[in-house]
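Top to bottom, those sequences are chains A and B. Residue 1 is where the first sequence starts when you use the numbering used here, and the numbers rise one by one after that. Residue 1 is where the second sequence starts when you use the numbering used here, and the numbers rise one by one after that.
Since the hints were made in silico from the structure, they are not lab data. All residues carry an ideal CB built from backbone N, CA and C; glycine is no exception. One or more hints might be untrue.
Mimicking DSS-like on lysine-lysine, the simulated pairs with C-alpha atoms at most 25 Å apart in a straight line are [what the hints assert, rightly or not]:
no.: 1; chain 1: A; residue 1: Lys173; chain 2: A; residue 2: Lys58
no.: 2; chain 1: A; residue 1: Lys51; chain 2: A; residue 2: Lys198
no.: 3; chain 1: A; residue 1: Lys51; chain 2: A; residue 2: Lys173
no.: 4; chain 1: A; residue 1: Lys141; chain 2: B; residue 2: Lys4
no.: 5; chain 1: A; residue 1: Lys51; chain 2: B; residue 2: Lys4
no.: 6; chain 1: A; residue 1: Lys198; chain 2: A; residue 2: Lys58
Residues from chain A that keep clear of chain B, each with C-beta distances beyond 10 Å, as calculated [stated by the list, open to error]:
no.: 7; residue: Arg90
no.: 8; residue: Gly132
no.: 9; residue: Thr142
no.: 10; residue: Gly148
no.: 11; residue: Gly171
no.: 12; residue: Arg187
no.: 13; residue: Ala190
no.: 14; residue: Ser192
no.: 15; residue: Leu200
no.: 16; residue: Arg263
no.: 17; residue: Arg365
no.: 18; residue: Arg374
no.: 19; residue: Pro386
no.: 20; residue: Arg390
no.: 21; residue: Leu420
Not the full set, but computed from the structure, chain B residues with beta-carbon under 10 Å of chain A [as the list claims (entries may be wrong)]:
no.: 22; residue: Lys4
no.: 23; residue: Ala26
no.: 24; residue: Glu32
no.: 25; residue: Val83
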Amino acid sequence: MRDENALTCDVAIVGAGPAGIAAACRIAEAGRSVVVLDEGLGPGGQVWRPKLGGLQPKVARQWIARLQATRAVVRESTSVYDVAREATGRFILRAESSGIGVSVSASHVILATGARERFLPFPGWTLPNVVGIGGAQALLKTGMDVAGRRVVIAGSGPLLLPVAASLAAAGAKLLLVAEQAPAARVRRFATSLWRRPKTLVQAATLRSAFLRTRYAMGTWVRSAGGDGVVREVTVTNGQTSETIACDLLCAAFGLLPNTQLARLLGCETVDGTVHVGPTQETSVSNVYCAGEPTGIGGVELALVEGEIAGLSAVGLSVPQRLASIRASLEREMKMLDLAFALRPDVSTLAHANTIVCRCEDVRLRDLDARWTSRQAKLYTRAGMGPCQGRICGAALESMMGWSSDSVRPPVQPARLDAFLSDDHTSSAPEGAR
Amino acid sequence: MSGKRVDIVVNGKAISVLAGATVATALLNAGESGFRQSVSGEARGPVCGMGICYECRVTIDDLPQQRACLRVAESGMRIETGVPVA
Chain A
1 MRDENALTCD VAIVGAGPAG IAAACRIAEA GRSVVVLDEG LGPGGQVWRP
51 KLGGLQPKVA RQWIARLQAT RAVVRESTSV YDVAREATGR FILRAESSGI
101 GVSVSASHVI LATGARERFL PFPGWTLPNV VGIGGAQALL KTGMDVAGRR
151 VVIAGSGPLL LPVAASLAAA GAKLLLVAEQ APAARVRRFA TSLWRRPKTL
201 VQAATLRSAF LRTRYAMGTW VRSAGGDGVV REVTVTNGQT SETIACDLLC
251 AAFGLLPNTQ LARLLGCETV DGTVHVGPTQ ETSVSNVYCA GEPTGIGGVE
301 LALVEGEIAG LSAVGLSVPQ RLASIRASLE REMKMLDLAF ALRPDVSTLA
351 HANTIVCRCE DVRLRDLDAR WTSRQAKLYT RAGMGPCQGR ICGAALESMM
401 GWSSDSVRPP VQPARLDAFL SDDHTSSAPE GAR
Chain B
1 MSGKRVDIVV NGKAISVLAG ATVATALLNA GESGFRQSVS GEARGPVCGM
51 GICYECRVTI DDLPQQRACL RVAESGMRIE TGVPVA
């Protein structure tokens with residue numbers, strides 16, 4: 001009898017966001033078996049997360065319907081904590097789903113693990129009700145009530161606009177949207193968008209949803225204050241500072257590719273992104289990567305990369321049309337990166353007493369600039385908590401110049417029950433305790 | 001948004017929350033901002049909203065260290081907040 005927690009397939013995909021969905025469609029439509037593992041509550045990833053009681057965007061519904069018309073297996077609420085190549089050349093993925101071990105054996109793997117937000121420590125950033133910007137969006141969509149609450153957004157990049165618009169629509173008193181990039185850079189980028197009038201109209205529509213709120217460029221968070229919960233935020237433009245009373249502060253600095261599983265498999269990374277060739281294949285053969293892990297690019301690029309990865313993983317050729325869409329979107333993303341590049345000021349906000357590793361409560365003063373990230377781990381436990389450096393790792397890279405340490409399984413906490421109920425092999429991964 | 005609600009128990013107190021909300025938003029809407037106690041005793045609440053940061057960990061039905069943002073609140077669920085990490 002087939003064990004539903006020990007699956008075998010041609011291609012295993014990690015992540016059911018746009019890239020994973022597009023890849024799975026192409027694979028299943030080619031008549032090959034595919035299993036998609038995703039940590040979320042349903043397919044769509046962060047960008048297509050539906051609003052509570054609402055529908056997903058139309059393009060999401062179309063892709064998910066296309067996926068559901070195939071024989072692709074999608075496992076939700078399933079967190080992959082290990083992936084390895086076996087002696088046979090096949091890959092084995094290990095995951096936990098509500099305490100139960102799930103394993104997948106596959107000849108090819110597609111990593112579509114998405115992105116997370118970049119958080120940089122500032123005094124007060126650990127106070128409750130200081131959240132991410134995408135974080136605020138996720139909480140809003142899952143039902144957070146913000147009606148009448150005073151909210152400040154401080155961060156960087158195009159994500160600020162839709163989140164500000166959602167907060168305003170939900171009845172929040174949005175007091176300020178602060179973009180760290182200087183006005184001149186943002187303006188130059190907006191001008192360069194003349195080739196993409198749709199994007200400009202989209203941005204203008206989003207902006208019109210919070211017209212009464214100041215959208216200040218060249219302005220960034222300096223500190224947050226409160227007594228057990230955030231009460232105020234101080235922002236600065238480098239010359240003057242301003243303190244604003246608030247109930248919710250949304251602060252983050254752009255997006256970061258999730259590369260843990262790729263690095264675990266030994267895939268080459270360049271500047272924090274997974275390096276891929278024209279077929280989306282990584283430096284490890286039969287391992288593909290699509291979407292944000294190959295460089296932050298948004299939904300459209302993720303879909304195209306997913307399709308290309310899916311086609312390639314089953315040996316089909318990639319239509320020229322897809323390759324040219326990818327090339328043009330990649331050029332735009334490079335301009336976006338330049339426009340919203342982080343000013344050095346935002347990497348030096350922490351004071352000596354500021355916590356830099358939130359899991360282990362390691363403060364800036366506990367660290368020595370002469371150390372490596374490995375020494376920091378050994379001496380202070382920075383990066384050794386449950387988030388496994390997903391928050392502090394990037395922060396310490398910006399602040400101290402420490403490159404991320406090597407990655408080891410399990411890449412995220414998993415219950416022992418999951419290790420014990422793993423049917424594919426009996427060997428618990430190294431480092432499991 | 002439909003007004004359907006479910007009843008859960010937070011720190012021994014029964015509350016009614018939006019059906020379909022995650023445990024994280026259910027707690028936030030009920031005025032709970034401190035979800036866990038950090039290793040040095042600070043109150044912490046949700047940050048990333050997507051299972052990355054592990055700041056929203058609570059005890060759900062006696063199972064400790066559950067990420068509140070990844071679970072939907074279900075009728076009869078018992079949740080404990082502010083549990084110090086052993």
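Results for each hint:
1. A:Lys173 - A:Lys58: Distance of about 29 Å is beyond 25 Å: violated.
2. A:Lys51 - A:Lys198: 24 Å, holds
3. A:Lys51 - A:Lys173: Holds - the C-alpha atoms of lysine 173 of chain A and lysine 51 of chain A are around 20 Å apart, at most 25 Å.
4. A:Lys141 - B:Lys4: 16 Å, holds
5. A:Lys51 - B:Lys4: Satisfied, since the Cα-Cα distance of roughly 15 Å is no more than 25 Å.
6. A:Lys198 - A:Lys58: Judged against 25 Å, a Cα distance of about 16 Å means the pair holds.
7. Arg90: 28 Å, holds
8. Gly132: 5 Å, violated
9. Thr142: 4 Å, violated
10. Gly148: Fine: 13 Å to the nearest Cβ keeps glycine 148 of chain A off the interface.
11. Gly171: Holds, since 12 Å exceeds 10 Å.
12. Arg187: 31 Å, holds
13. Ala190: 28 Å, holds
14. Ser192: 31 Å, holds
15. Leu200: 29 Å, holds
16. Arg263: With a cut-off of 10 Å, arginine 263 of chain A remains clear of chain B, as the shortest Cβ separation is near 16 Å.
17. Arg365: 13 Å, holds
18. Arg374: 21 Å, holds
19. Pro386: The assertion about proline 386 of chain A is violated, with a minimum of 4 Å to chain B.
20. Arg390: 5 Å, violated
21. Leu420: 16 Å, holds
22. Lys4: 9 Å, holds
23. Ala26: The hint holds - alanine 26 of chain B has a Cβ within 10 Å of chain A, the shortest such distance being about 7 Å.
24. Glu32: This interface hint holds because 9 Å falls under the 10 Å limit.
25. Val83: Violated, about 14 Å.
In summary, the numbered hints that this structure violates are 1, 8, 9, 19, 20, 25.
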